[in-house]
Structures are given as structure tokens and as C-alpha cells.
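Visitor: What follows is the residue order along each chain.
There are 2 protein chains.
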Amino acid sequence: MSALDWSTVFATRSERMRASEIRELLKLLEQPDIISFAGGIPDPSLFPVKAIRDAQDAILDDPKQAAQALQYSISEGYVPLRRWIVAFMAKQGVTCTIDNVLITCGSQQGLDFLAKMLLSPGDTALVEAPTYLGALQAFNAYEPRYDRLVTAGGNVTPTAYRDAAAANGGRVKFAYVVPDFANPTGVTMTKENRLKLLELADELDVPVIEDTAYQALRFEGEPVPSIMALDCARNGGDVEKTRTVFCGTFSKTLVPALRVGWVVAATPLVQKLVLTKQAGDLHSSTLNQMVMARLAETTYESNVARAVPFYRARRDAMMAALEKSMPKGVEWTKPEGGLFVWVTLPVGIDGAELLARAIAEERIAFVPGNAFFATDAMANTIRLNFSSPNEAEIAEGIARLGRLIERTAA
Amino acid sequence: MSALDWSTVFATRSERMRASEIRELLKLLEQPDIISFAGGIPDPSLFPVKAIRDAQDAILDDPKQAAQALQYSISEGYVPLRRWIVAFMAKQGVTCTIDNVLITCGSQQGLDFLAKMLLSPGDTALVEAPTYLGALQAFNAYEPRYDRLVTAGGNVTPTAYRDAAAANGGRVKFAYVVPDFANPTGVTMTKENRLKLLELADELDVPVIEDTAYQALRFEGEPVPSIMALDCARNGGDVEKTRTVFCGTFSKTLVPALRVGWVVAATPLVQKLVLTKQAGDLHSSTLNQMVMARLAETTYESNVARAVPFYRARRDAMMAALEKSMPKGVEWTKPEGGLFVWVTLPVGIDGAELLARAIAEERIAFVPGNAFFATDAMANTIRLNFSSPNEAEIAEGIARLGRLIERTAA
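So the sequences go chain by chain: U and B. Position 137, counted from 1, in the first sequence is what the numbering used here calls 137; the numbers after and before it change by one each time, with no gaps. Position 40, counted from 1, in the second sequence is what the numbering used here calls 40; the numbers after and before it change by one each time, with no gaps.
Careful, some of the hints might be misleading.
List time: in silico BS3-like cross-link candidates among lysine-lysine, alpha-carbon distance up to 27 Å [said to hold, decoys possible]: (1) 191/B to 241/B; (2) 324/B to 334/B; (3) 64/B to 64/U; (4) 50/U to 64/B; (5) 50/U to 334/B; (6) 50/B to 64/B; (7) 241/B to 196/B; (8) 91/B to 241/B; (9) 191/U to 241/U.
It is worth saying that the hints were derived from the structure and are not from the lab.
With the rest of the complex left out, here is chain U (with noise of 0.2 Å):
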């Protein structure tokens, strides 16, 4: 017999999974001398080691919780898990039931799933530019146009995405953003413009995927009420009623490696994505789950409470370092919160060229723009990550970009 050429049976979906060039370029920063703004991933120091440990001793100590945390188990999760994020919910204005609560594998599973659900091949999915690659690498499995977002303001008519839709086939399927310090951007969205957003979902009558995954880490200024919160209040706080879909994780606030995001939204939707996740993977790690959920009740606000303090110092190291070192014509955001800002370079200086020169020239790397475009990309932007990096890496990392920027611009 002849060996399989492969190529030929894969799906037509399967051609729209590319490896991202981030993750190549992750293998680079391996080599100990290169000072990484390239990274997404929280500081370890700050993962909760211990209450950990406790926590996985106690469950696994007691024979009935052992039982429980090995075996199979239902695929909406964890109850007192789910119980914990309905009081959670609560707290930022939310009042929903288990019933709107899905435990995901991070909430990249949540964006999959949802996508999954969503999207025919053709449909539309509107998404800000730039966005969070990871988005856009789960929802590309599944085929759709994307249409841009302008959630600062400036969106085009409902009429208008809704023609360009259907022009393409399809139909606009959901709006998706991160409101809160943006991955790449580090913007926080206004209420008034979470409102606007809910309006226009409204007019197009479709869902709002709000990606909260670094809601919790806001460093200075008053806590936007989330876009769920928000439909919820404006529907009589009837979550039954709402059109936003809540992504939240333990990645950012916790720890990342137990994997364990959740989706809350209305039933229809969540029994949906439970068939979803039966059909996925069955459920999460029922030890997982068990472990968080101890974690969330004992150590959550403490970690957050110390997570803050540290990510504000190194954010604020590195705006002094960019108003330091930067040239002119240089332009930053100034996030309020999370891990990243996004530079503006002098038009002309494209993004991946200059990451090719920093790595061989400073030993510095950072993420070009360009991956974090659905559509109309800016070659002339870069995202740096301030999580990883401490702050005498941070001063003199920028002082090398800055350097950088100067002979390339000249």
C-alpha cells in the first residue's frame, strides 16, 4: 500500500488553523540572555504554592472527597465551584443561578466552544482591531468573516455590518471583547461605550462575548461595571433576559496550569455549550475543580490583593522607562490594569522587521502588532507584556528598544 497523504483528507476548517507566529517566536526567548516583553503568562512568585498543596492533601486524605475528585463526573462542573462564581457574580451585580454556569479548560475553551456554537462557515464575527490572538485562533477553526469593532467609539451602522454579512454569505453571529486592560492593548472600555456596544448588539440582535480575563487586576481608578452587569440591570438584573456571554478564568488571579475558566450567560445558551463540553472532553478535572474551588474561597481576594501591587510596580516601571527611553513619535497606552501596553511605532517602522533587529542587536523581543489583527492590521505596532520581566529588566529592556527605535527610525 502507499502511505496517506494527509493533506488530503483533512477538513477545509482544519486550513484555517495556523500556527501562530508568537509561539514560534516563544521558542526563541528559551536563550537566557534576551530580555522578553513577549510573554503573556503571570509571574510564578505569585502562584498560592501552598494553599495548593493543602488543598489537594485535604481532598485527597478524605476517602469520600478522593472518590469524588478521581472519578468521572458531570460536565457543567463542579457544584460548590459554580456555587462560589454565582456568589461572585453577585458581587459585580450579576444574579444568576448554577444554571448559568459552565466550568471550562481556561477560557480559551470557553471562546472554542462558544465559536462552536455560533458560527456557521461565512457568518460574521465582530471583533476590535487589534484583538486577542487566541480569539481569533479559536474562532478561525470555524470559518467566519470578521467585521471591526470600534468600540471607542466610531462603529459603523448595524445596517452596514449587517449588509457586509449578508453579502458574504452569512450573518453577524456575536460581538467579542476584553474590556478590561485589553490583551494586546491594555485599554479598559468606558461604560458609555459598553452601553453603546449593548445597543448595537441589540440592533443587530445578536450575543456580546465579554472576555474578562484580567478584570480583577486593576491597579488605580474607579472599577468599569462589567458589560454582563450591565445588560443584567438594564433587564431588570433578569440574566435570563441577557445577551452578554461572561468569560471569566483563575489564570490571571490564581494560577493558570489548574486550567479552570467558566462561561456564565443565560440557559438556552449554557445548556448549549454543556452538550458542547460533554461532546469536548467529557468535563474538567474533577481535582481541578475541587481544588479551585477551596482556593477560591480561601485564597482568591489575598492573591488578588497581592497580584495588584506587584503588577502595578513593574506597570509603572515601565511607563517611566518608555517616557524615558522612547523617541518621539512614539506612542503608548497607559493600562490601568493587566499585563500589556501597546506601542505605537513612527509609521514606516514595521513591527516584525523591528523584532528581527532587537532580538540580533539588543536581545530584546516583543510581539509585532500585526498578530492581533483580524483585519486592517498596523504593521507599525508592538505589544509588551510587563508580567514577566522585573523592573531593572524592564529599565534597561526599554532603554535597548528605545535605542533600537532611534537607528531604525533614523
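Given chain U's structure and the hints, the job is docking chain B onto it.
Guide: Chain B alone, transformed into the frame defined by chain U:
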């Protein structure tokens, strides 16, 4: 604004996701006086709780390992675990490298990802009748047509399969089998039939998905080489020339709720699956993978050696009880391993109707056979599980089942 009618925004594929009847059924079984043959889960007394606790403590007590265990990681999976799987595959005659291995959240996620990568809507998946319900649930989301694989001889010609697929506007994309102690039948494919399946796949030029969930749980008789091993052997040992996709799991041999399974295949497919994993949930829990890597080293063989006689005793009790209690006209399989027996009732007795009476009149439960058929359903069948009830419950429950069938047939 008016509330969103969610049914207007679901993708067509979402309509294929239906709650399994089994799921609804299992809720019933929380009633403690029911003897249940409906489950399919391992006995928790076999979970290596202490080994898991020790592994976790060792990892979390080492600061360097703890930081790795709790941090984001690569989508392919934890390298030492993939190395163990390479050695495991070598023992069954499959020489591969870690580049041929992807770690998944149980083999269920492997099935979902494979369908996602291979099936365009309308393509044909070849499955046995009956087959694993969870596989059908995973595949359904990608809107395939099904055609029937008759692995014990009697397959139609490759041309007939191909023509039927083309008539539906698609192509045959893969054959899926559970060759060892299948769920739901308990039947094992002979070596001859495995080779015939590979020949059929050659002629159709499609992959064979080999689901080995129960492979290690052999109670008696000689192991049959895996399809992957046979495929390697006929290709001079070159895994890159194989068309088989081996789906493995630790769920039945060690513990299900860490959600660790794997896929082994030629690298062009594994590379696609890695992108799917990245888009789907970034990576499996690092901590769980590290724990499983230690368990695999220290506990896999001893735990299998403990599970085999444990389940053999229950299988023996099941065989003795069926022999003693089944009225004439009832037939059942004689599994050499695994967790299930497949019972064929006299024609005219419907498994679903029998279940309703079984719960009401005899306080016993099982799964009606209908659920396991993508095509050619046989209503007069039921699946009995023998891994959850103990020997006394098996004797009593099967006696009740025998009485019920006698009354029903009369």
C-alpha cells in the same frame, strides 16, 4: 430592547448536539436502592490515591517543579509524559518519537479534535453498529453522514462505501473502531479483521482511528496486536507511513478525573492536532500531566495488575449470573476484558421499554442498545456494565433482569 432568541444565533452544527438519553438516565441512578448496570466508570477502589497524593506533594514541594506545574505550558504536552508514552508504544511494537504524541484531556478530546480536523459537513465517517456513544457525540458536531463498518467480516466493497459517500456530497474521511473489548459490545477484533480493516482503509485512502480505552484490561487470552502496531509492521516500522491514529487514555487504568489521554499518529496529523489543542484550550493541566508522568512510571503496571483480576471477578460473576438467570432466546457476548457485556433480547422486546419497567418493577438499570447506533439500530439490545456493581449485586440484579425479561416475553 427585547431579549435575544438564542435559537436564532446557533450554528447549524449546534443542532447536532443532543443530550444523550444515557445522561438523563444516569441522574435516576442516584437513587440508592437501584442496582445499576448502566454506568461505564471504573471502580474508585482502584484509584491510586496515595500515589497521586505523593506525586503532587513531591512536585509542589520542589519550587522549580511547582513553578512549572502551575504555569502555562506547550500545547503538545509535558515532555516526560510524552517520553513515557513513546516507551509504552514501543512495548506494543510502535516505534515513534515525542513528535508523534499529543496529550489530550482524555481520549474524548482526541476524538473531538480528530473529527474537527477531518470532517467537513456531509463527509462520511465509518463506524460500527453499535459503537461508542461518546464518539458519535463528538463526531455529530461536525455534521457527518455515517456508514456502517462490519469489522467481523461482511464490509461492503470500497467502491460501495465511496459511492454512497459521494452521493451524499462528501467523501469517506475515516474509519473509527474500539478494537479491544469494545464499548458497548465487549467484543475484540481478531488480528485478521484488523488487517482487513487496514486494507479497506488503504483502498479508501483514509485514516483508521483506533480507540484503545480498554486495551490494557484483558482478563484472559492472548493480546491481539493493536491496529497501529500492525500498520507499523507492514510499513517496515515507519510510523510516518501509517494511516492509523491511536487514541489512548489513563482513565480506565489509573484514574479518569485527571483527564489525561493521548493521540499517537504520523506527524502531519499530530501537527494539525497541536494547533487544534492550542486553539481549543491552550494545553492540558500541567500539574495533572506531571502527576500522570510520575504515576505512569511508578504505578501504571501495578495498578493494571490490580485492576485485571478485580474486573475479571466481576465479569465472571456476570457470566455466571447470565447463564443462570437468562431465559431462552436471550444471547450475550463473552468479553475477554473491558467493562461491558452486550445482550440481545428476543425480537420484539424493546430495550428502552424494558428499562422503564426495569426501574419501576425491579429497581435495576442498564442502557438501551439504541443509543449506540449511528445506523441500523437494533431495538432489542441492552448494554450491561460489570465494573461498578459488586459480585453480589451482579447476581441479584441479573436474577431480577431475568425475571423481568421472562415476564415481558410471555
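Visitor: Hints first: check each against the structure and report whether it holds.
Guide: Right, here's what the structure says about each hint:
As the CA atoms of residue 191/B and residue 241/B are separated by approximately 20 Å, the hinted pair is consistent with the 27 Å bound. For the proposed pair residue 324/B and residue 334/B, the alpha carbon gap of about 15 Å is at most 27 Å, so the pair holds. Of the pairs offered as hints, the one joining residue 64/B and residue 64/U is violated, with about 32 Å between alpha carbons and a cut-off of 27 Å exceeded. Under the criterion of a C-alpha separation no larger than 27 Å, the hint pairing residue 50/U with residue 64/B is consistent with the structure, at around 14 Å.
Proposed proximity of residue 50/U and residue 334/B is contradicted: the alpha carbons are some 50 Å apart, above 27 Å. Using a Cα cut-off of 27 Å, the hinted pair residue 50/B and residue 64/B holds, with the two alpha carbons roughly 23 Å apart. For the hint pairing residue 241/B with residue 196/B, the CA-to-CA distance comes to about 18 Å; that is within 27 Å, so the pair holds. At most 27 Å may separate the alpha-carbon atoms for a hinted pair to count; residue 91/B and residue 241/B meet this at roughly 19 Å.
Between residue 191/U and residue 241/U, the direct Cα distance comes to roughly 20 Å. Compliance with the 27 Å bound is thereby established for this hinted pair.
Against the hints set out earlier in the document, violations occur for numbers 3, 5.
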